[in-house]
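S.K.: One-letter residues, chain by chain:
Number of protein chains: 4
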Amino acid sequence: MAKPNGMSKSEIIQCAKECLVEKGIENFTLRAVAEKAGVTQGTIYYHFRTKEQLFIDLVQDICDNSWQEISQTRENVIEQALDSAKSRCSYDSFFHKLFLSLVASSFNNEEIRRKLGEMMRNENKALSEILSSLWVESPIKGVSFETWGILFNAIVDGLALQALLQKDFPIEKTYEEFEHFIKELSTFKGKEDN
Amino acid sequence: MAKPNGMSKSEIIQCAKECLVEKGIENFTLRAVAEKAGVTQGTIYYHFRTKEQLFIDLVQDICDNSWQEISQTRENVIEQALDSAKSRCSYDSFFHKLFLSLVASSFNNEEIRRKLGEMMRNENKALSEILSSLWVESPIKGVSFETWGILFNAIVDGLALQALLQKDFPIEKTYEEFEHFIKELSTFKGKEDN
Amino acid sequence: MAKPNGMSKSEIIQCAKECLVEKGIENFTLRAVAEKAGVTQGTIYYHFRTKEQLFIDLVQDICDNSWQEISQTRENVIEQALDSAKSRCSYDSFFHKLFLSLVASSFNNEEIRRKLGEMMRNENKALSEILSSLWVESPIKGVSFETWGILFNAIVDGLALQALLQKDFPIEKTYEEFEHFIKELSTFKGKEDN
Amino acid sequence: MAKPNGMSKSEIIQCAKECLVEKGIENFTLRAVAEKAGVTQGTIYYHFRTKEQLFIDLVQDICDNSWQEISQTRENVIEQALDSAKSRCSYDSFFHKLFLSLVASSFNNEEIRRKLGEMMRNENKALSEILSSLWVESPIKGVSFETWGILFNAIVDGLALQALLQKDFPIEKTYEEFEHFIKELSTFKGKEDN
DNA sequence: CATGAATGAGAGTTCATTCAT
DNA sequence: CATGAATGAACTCTCATTCAT
Numbered sequence: 001m002a003k004p005n006g007m008s009k010s011e012i013i014q015c016a017k018e019c020l021v022e023k024g025i026e027n028f029t030l031r032a033v034a035e036k037a038g039v040t041q042g043t044i045y046y047h048f049r050t051k052e053q054l055f056i057d058l059v060q061d062i063c064d065n066s067w068q069e070i071s072q073t074r075e076n077v078i079e080q081a082l083d084s085a086k087s088r089c090s091y092d093s094f095f096h097k098l099f100l101s102l103v104a105s106s107f108n109n110e111e112i113r114r115k116l117g118e119m120m121r122n123e124n125k126a127l128s129e130i131l132s133s134l135w136v137e138s139p140i141k142g143v144s145f146e147t148w149g150i151l152f153n154a155i156v157d158g159l160a161l162q163a164l165l166q167k168d169f170p171i172e173k174t175y176e177e178f179e180h181f182i183k184e185l186s187t188f189k190g191k192e193d194n
Numbered sequence: 001m002a003k004p005n006g007m008s009k010s011e012i013i014q015c016a017k018e019c020l021v022e023k024g025i026e027n028f029t030l031r032a033v034a035e036k037a038g039v040t041q042g043t044i045y046y047h048f049r050t051k052e053q054l055f056i057d058l059v060q061d062i063c064d065n066s067w068q069e070i071s072q073t074r075e076n077v078i079e080q081a082l083d084s085a086k087s088r089c090s091y092d093s094f095f096h097k098l099f100l101s102l103v104a105s106s107f108n109n110e111e112i113r114r115k116l117g118e119m120m121r122n123e124n125k126a127l128s129e130i131l132s133s134l135w136v137e138s139p140i141k142g143v144s145f146e147t148w149g150i151l152f153n154a155i156v157d158g159l160a161l162q163a164l165l166q167k168d169f170p171i172e173k174t175y176e177e178f179e180h181f182i183k184e185l186s187t188f189k190g191k192e193d194n
Numbered sequence: 001m002a003k004p005n006g007m008s009k010s011e012i013i014q015c016a017k018e019c020l021v022e023k024g025i026e027n028f029t030l031r032a033v034a035e036k037a038g039v040t041q042g043t044i045y046y047h048f049r050t051k052e053q054l055f056i057d058l059v060q061d062i063c064d065n066s067w068q069e070i071s072q073t074r075e076n077v078i079e080q081a082l083d084s085a086k087s088r089c090s091y092d093s094f095f096h097k098l099f100l101s102l103v104a105s106s107f108n109n110e111e112i113r114r115k116l117g118e119m120m121r122n123e124n125k126a127l128s129e130i131l132s133s134l135w136v137e138s139p140i141k142g143v144s145f146e147t148w149g150i151l152f153n154a155i156v157d158g159l160a161l162q163a164l165l166q167k168d169f170p171i172e173k174t175y176e177e178f179e180h181f182i183k184e185l186s187t188f189k190g191k192e193d194n
Numbered sequence: 001m002a003k004p005n006g007m008s009k010s011e012i013i014q015c016a017k018e019c020l021v022e023k024g025i026e027n028f029t030l031r032a033v034a035e036k037a038g039v040t041q042g043t044i045y046y047h048f049r050t051k052e053q054l055f056i057d058l059v060q061d062i063c064d065n066s067w068q069e070i071s072q073t074r075e076n077v078i079e080q081a082l083d084s085a086k087s088r089c090s091y092d093s094f095f096h097k098l099f100l101s102l103v104a105s106s107f108n109n110e111e112i113r114r115k116l117g118e119m120m121r122n123e124n125k126a127l128s129e130i131l132s133s134l135w136v137e138s139p140i141k142g143v144s145f146e147t148w149g150i151l152f153n154a155i156v157d158g159l160a161l162q163a164l165l166q167k168d169f170p171i172e173k174t175y176e177e178f179e180h181f182i183k184e185l186s187t188f189k190g191k192e193d194n
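Protein chains in written order, with full-length UniProt numbering: chain D, 1 to 194; chain C, 1 to 194; chain X, 1 to 194; chain V, 1 to 194.
The hints are simulated quantities; they were obtained by calculation from the structure and are not laboratory data.
All figures in this text were calculated on a predicted structure; none of them were measured in a lab.
Be aware that a few hints might be false.
Which copy is meant is left open, because identical chains are indistinguishable; a pair holds if it fits in one copy or across any two.
[As the list claims (entries may be wrong)] In silico lysine-lysine, PhoX-like type, Cα no more than 20 Å apart, as pairs:
#1 K167 to K86
#2 K125 to K23
#3 K141 to K23
#4 K141 to K183
#5 K167 to K115
#6 K51 to K23
#7 K36 to K125
#8 K173 to K9
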């Protein structure tokens with residue numbers, strides 16, 4: 001462990017992320033990354049064989065972070081997940097700008113697409129497990145925990161997308177009612193039993 | 001007959017859409033558009049002063065189509081909306097690839113971002129009106145029709161995003177259970193009354 | 001005489017002159033001329049076969065004006081000539097900006113170069129005739145009237161060049177002393193006789 | 001040895017000068033410069049950020065050369081200055097074609113214009129100092145040494161302009177009589193005293 | 001007469017990439 | 001390890017010019 005030069009690589013990746021969000025995928029250049037990192041373009045090529053490789057390593061980094069975050073999330077803490085999601089839901093969300101830029105670029109790069117897809121599957125699975133331990137039984141017969149995970153994740157991403165595009169999107173109100181909805185849902189099972 | 005050149009502009013826009021999806025936003029070039037349209041690059045510039053203007057007109061075209069689609073949707077037809085959404089939910093969805101590419105590019109172009117945001121607001125509103133006429137009263141107290149529209153739209157986009165990234169995403173199953181969930185939701189009001 | 005459409009041609013030439021001075025020779029375009037003249041580019045081509053032809057006609061127009069001016073100048077009126085020269089000597093001189101732009105372009109167009117050269121020869125000749133009628137005999141033996149005309153013309157153009165390049169060029173002072181110099185010169189003949 | 005690339009920049013500038021004179025300012029392209037220099041266009045852009053910057057550096061080079069020439073000129077050597085001026089006075093004068101092309105382009109570029117203006121001011125000053133040490137006192141009362149410098153410089157540039165435009169311009173004769181005129185002028189002071 | 005649509009060659013510029021040092 | 005010089009292909013965009021109407 002403790003590679004002194006390993007820093008450089010991940011430092012460059014961090015700079016690349018910032019460049020990607022600042023300039024947008026269409027104007028993302030290695031020169032900009034090099035400038036932000038304070039190195040020459042040659043140095044970039046020393047660490048990454050090609051621009052594409054930097055991209056792939058960047059995506060891998062994001063996937064690793066996601067995985068680590070998922071691992072740290074304890075069960076029964078739906079609130080934690082929702083808070084995290086809400087905090088990333090804004091008009092200027094660095095995270096979602098980065099993510100959606102990568103999604104757009106993934107349409108031409110199967111490796112990136114696969115990595116992002118896998119990350120998403122993991123998130124779905126983690127979410128469904130949280131819900132599973134929260135509810136024990138699905139509040140609605142015919143809707144599996146797997147689907148609940150997918151739906152909730154879709155909502156989180158969908159809301160982020162809406163917030164990114166609408167300056168006046170009612171983030172607070174929507175998340176409040178969304179959480180209320182989840183709570184109510186938790187009580188349905190009982191009612192159905194009656 | 002009539003106006004042979006009246007077609008040109010919208011024809012070019014159609015070609016531009018295809019190029020955008022085929023090449024991706026990062027490799028989207030006017031040369032490619034010109035080739036696909038069978039005209040010279042100069043012709044593109046005759047009709048659209050700049051690449052950015054072509055982009056803006058392209059987005060406007062999508063917004064107009066969305067608006068027209070919304071206008072044609074009759075009330076009480078939640079099934080129609082869901083079918084349309086589901087049909088656009090796939091690993092190769094032309095529509096969502098195009099949409100998400102534009103979203104990514106909108107981060108650097110406020111005009112595009114505003115247009116897309118407005119389109120989304122209109123879709124939210126249309127959806128909430130459909131639900132409003134379907135349910136009369138919200139199935140869950142504390143969750144407004146406005147929020148239902150937002151949430152359902154978020155789900156549709158979120159699911160499309162998932163399907164785009166995962167080759168084996170269970171589209172059928174998820175939509176089936178999603179529709180089932182909506183139907184069950186429609187019966188909650190009554191139960192709550194008890 | 002009185003060609004109603006002859007207007008158009010000379011009007012376009014006037015607009016072309018303005019464009020040439022405003023945009024500079026390197027950015028001089030027929031589109032700009034057309035816009036300034038309020039016509040389409042096609043109309044320019046109706047009147048002038050090519051851009052080069054417009055240029056040649058433009059130069060011809062300037063030469064014609066010069067000739068007319070020379071013809072109107074009466075003898076013995078060195079003051080008139082100097083006043084005219086001085087009035088055209090400034091940092092923003094339309095006339096000399098136009099003239100020098102044409103000179104620069106003449107290096108690649110022998111026809112233009114010949115026309116400008118002929119114009120200059122005529123000016124030299126006119127000036128030497130004025131001086132000849134003013135002095136009767138050359139104030140300095142060994143300097144012909146032809147050379148005086150050339151030298152004075154060179155001074156006029158050289159001063160204009162200096163004024164064009166130096167914002168704070170002392171136009172007033174220089175012309176004052178230049179005129180004084182000419183007057184003193186007129187008295188030399190007599191002194192030499194002594 | 002040493003700095004093989006230190007040459008590149010000034011080499012490119014030399015090639016640019018030649019291109020400018022050969023093609024004229026309106027057809028001056030970086031492509032042509034690159035070809036003449038035997039490098040790619042990218043190399044040009046590596047050394048000069050833009051075409052404009054190359055232009056500015058080119059002008060600066062000319063100004064530096066002018067300054068160096070002025071510095072090397074010893075006093076009392078009016079002949080040297082006149083010889084140099086005459087040698088540059090011809091129908092094909094590389095120097096004056098280059099200079100006038102830059103003057104024409106300076107109308108749209110204040111930085112170039114300022115540089116050329118300053119160069120001219122320095123030349124004026126140098127010339128007036130030469131005359132001052134040659135004559136001690138102005139041959140004509142009321143005409144300052146500053147003005148003599150300006151007038152002689154104007155003549156030199158004005159004659160060059162005439163020679164550029166007239167294939168049969170009498171360069172020899174004119175310069176001969178011009179030099180004679182200067183010599184005679186030198187004797188006026190004494191005569192006036194009588 | 002004049003226009004507007006279209007062209008194609010070529011302009012300036014940028015970029016990912018290479019390589020000697 | 002890292003750099004800076006160089007490349008060459010590709011990009012956006014402009015322009016003089018043509019031509020059917």
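S.K.: Against this structure, judge whether each hint is valid.
M.R.: Status of the hints after comparison with the structure:
In the homo-oligomer, the alpha carbons of K167 and K86 lie at most 20 Å apart inside one protomer (15 Å), although the nearest pairing across protomers, at 28 Å, exceeds that limit. Taking identical chains as interchangeable, the C-alpha atoms of K125 and K23 are never at most 20 Å apart, the minima being 33 Å within one chain and 32 Å between chains. Taking the shortest alpha-carbon separations for K141 and K23, neither the intra-copy value of 47 Å nor the inter-copy value of 43 Å comes in at or below 20 Å. In the homo-oligomer, the alpha carbons of K141 and K183 lie at most 20 Å apart both inside one protomer (17 Å) and across protomers (12 Å), since each shortest distance falls under that limit.
With identical chains, the CA atoms of K167 and K115 are at most 20 Å apart between copies only, with a shortest distance of 12 Å across copies and 30 Å within one. With identical chains, the CA atoms of K51 and K23 are at most 20 Å apart both within one copy (15 Å) and between copies (17 Å). Taking the shortest alpha-carbon separations for K36 and K125, neither the intra-copy value of 37 Å nor the inter-copy value of 42 Å comes in at or below 20 Å. For the identical chains of this complex, K173 and K9 are neighbours neither inside a copy (41 Å) nor across copies (42 Å), given an alpha-carbon limit of 20 Å.
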